[in-house]
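A.B. asks: Next come the chains, spelled out residue by residue.
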Amino acid sequence: TQLLEQSPQFLSIQEGENLTVYCNSSSVFSSLQWYRQEPGEGPVLLVTVVTGGEVKKLKRLTFQFGDARKDSSLHITAAQPGDTGLYLCAGDELNSGYSTLTFGKGTMLLVSP
Amino acid sequence: SQTIHQWPATLVQPVGSPLSLECTVEGTSNPNLYWYRQAAGRGLQLLFYSVGIGQISSEVPQNLSASRPQDRQFILSSKKLLLSDSGFYLCAWSSQGPYEQYFGPGTRLTVT
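Order-wise, the sequence lines are chains E and S.
In terms of my numbering, the first sequence opens at residue 1 and continues consecutively.
In terms of my numbering, the second sequence opens at residue 1 and continues consecutively.
One chain only, chain S, in its complex shape (with noise of 0.2 Å):
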């Protein structure tokens, strides 16, 4: 069965520091991986999206970015944080053909 692995857990960052948050998948070959985020457990925020290893799409500017260095390896960056990239982040994957998305259990950052 396939699994999907996120870390930290949480995280409390001073703004202007960077950051890096992992996710990984077991279990599946080529995934689409997804980066949200999600404010006050409402709606989710699609960050970005990726088809392959090294394909990068940005649904937002920002000062965050993305890589995917291996095939089910997905990591979110920032040089510097702001306040306002507090919240929940959420990673996803789904196979090429149903289209469901399957989530992590999420990092929250505090950003102080």
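For reference, chain E alone in the conformation it holds in the complex (with noise of 0.2 Å):
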């Protein structure tokens, strides 16, 4: 089974201010999703990356895989209140066809006005 690290685990900031969450693995992935969660409600798809190295933008969002496809990072510029949330990444194991979804334990992720 392949283990995906989040780090940091809880962070606390003020609005305006710029961030970086990070998705740590010993293994390699052939994709990695990003989700975002509000309480109680169900994790909603932001992004998936596919290629070594790639980078996507989502307005304030950037998301980047790493080189090697063992990690990723979510960086969000100008944070919002609404951005307030559990983000978590998964990696894409293929196998025989179907795929089942790493998760790991997610950065919660507090924005005050």
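Think of the hints as simulated: they come from the structure by calculation, not from any bench.
Errors might be hidden in some of the hints.
As the list claims (entries may be wrong) - If you want the footprint, here are the derived chain S segments under chain E, 3+ residues with CB under 8 Å:
#, region
1, 44-55
2, 100-111
To be verified - Pairwise CB distance ranges (calculated):
#, chain 1, residue 1, chain 2, residue 2, range
3, S, Ala39, E, Asp67, 30 to 36 Å
4, E, Asp67, S, Leu83, 41 to 47 Å
5, S, Ser95, E, Thr62, 22 to 28 Å
6, S, Gln70, E, Glu38, 26 to 32 Å
7, E, Ala78, S, Gln73, 39 to 45 Å
8, S, Ser77, E, Ala68, 38 to 44 Å
9, S, Gln73, E, Lys56, 32 to 38 Å
10, E, Pro39, S, Val15, 22 to 28 Å
11, E, Pro113, S, Gly52, 44 to 50 Å
12, S, Gln45, E, Ser26, 17 to 23 Å
13, S, Gln55, E, Ile13, 41 to 47 Å
14, S, Glu22, E, Glu5, 32 to 38 Å
15, S, Ala39, E, Leu58, 26 to 32 Å
16, S, Leu83, E, Gln9, 24 to 30 Å
Stated by the list, open to error - Which chain E residues stay away from chain S? Per the calculated CB distances, all over 10 Å, these:
#, residue
17, Gln14
18, Val28
19, Gly52
20, Lys56
21, Arg60
22, Asp71
Because the structure is a prediction, the values reported are computed rather than measured.
Just so you know, even glycine gets a beta-carbon here, dropped at the ideal spot from N, CA and C.
Both chains are sitting in their own frames, so use the hints and assemble them into the complex.
C.D. replies: Here it is, written out as structure tokens:
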């Protein structure tokens, strides 16, 4: 089983600050996904990265997949209270035509006004 | 567009009682379906997945079971609930291609 380590586990910042959260593994992933989950709701897919070194931007969020496809980072510029939530990374383990995802334990982000 | 439904949204059950949680997907055919459990707002634990009707794979030995009676219906069951079964249960689907998973709204189960 591939393991994904996320850091930090918890982050509390003020509105307008920048932040980066990390997702690391010793294993190689076919692709990696980032989700955001608000309390009491299901996770919502933000992005999928599939190519080593790939960078994707979603408004103020920048996602990067490591060259070796073992790690990823999420950078948020000028954080807003609406960014508050649990950020989960998940690695895609291809096997016989179906997929199972290995999830990290998440980074809980709190952005205060 | 595709949508995924789960019910009930919340459930309080006594220890030893049975359980049935239902998940349905609309707008897609032959999806992969998944059941996860999440404890205390942290990472997701995969419980079961299914690649087709009647095909169930179990990831964690436990007193839970899953069934897929129809293409877009996935059911999580238990004959006798334990206190440790409390948690937030999430259903998800993915298509055969991109392997991205889309989650339902979840069911909060409290076993008393």
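A.B. asks: Evaluate each hint against the coordinates.
C.D. replies: Status of each hint after checking the structure:
| no. | hint | verdict |
| --- | --- | --- |
| 1 | 44-55 | holds (count 4) |
| 2 | 100-111 | holds (count 8) |
| 3 | S:Ala39 to E:Asp67: 30 to 36 Å | holds, 34 Å |
| 4 | E:Asp67 to S:Leu83: 41 to 47 Å | holds, 46 Å |
| 5 | S:Ser95 to E:Thr62: 22 to 28 Å | holds, 27 Å |
| 6 | S:Gln70 to E:Glu38: 26 to 32 Å | holds, 30 Å |
| 7 | E:Ala78 to S:Gln73: 39 to 45 Å | holds, 43 Å |
| 8 | S:Ser77 to E:Ala68: 38 to 44 Å | holds, 42 Å |
| 9 | S:Gln73 to E:Lys56: 32 to 38 Å | holds, 34 Å |
| 10 | E:Pro39 to S:Val15: 22 to 28 Å | holds, 26 Å |
| 11 | E:Pro113 to S:Gly52: 44 to 50 Å | holds, 48 Å |
| 12 | S:Gln45 to E:Ser26: 17 to 23 Å | holds, 21 Å |
| 13 | S:Gln55 to E:Ile13: 41 to 47 Å | holds, 45 Å |
| 14 | S:Glu22 to E:Glu5: 32 to 38 Å | holds, 34 Å |
| 15 | S:Ala39 to E:Leu58: 26 to 32 Å | holds, 28 Å |
| 16 | S:Leu83 to E:Gln9: 24 to 30 Å | holds, 26 Å |
| 17 | Gln14 | holds, 22 Å |
| 18 | Val28 | holds, 15 Å |
| 19 | Gly52 | holds, 17 Å |
| 20 | Lys56 | holds, 13 Å |
| 21 | Arg60 | holds, 22 Å |
| 22 | Asp71 | holds, 17 Å |
Of the numbered hints given earlier, the model fails none.
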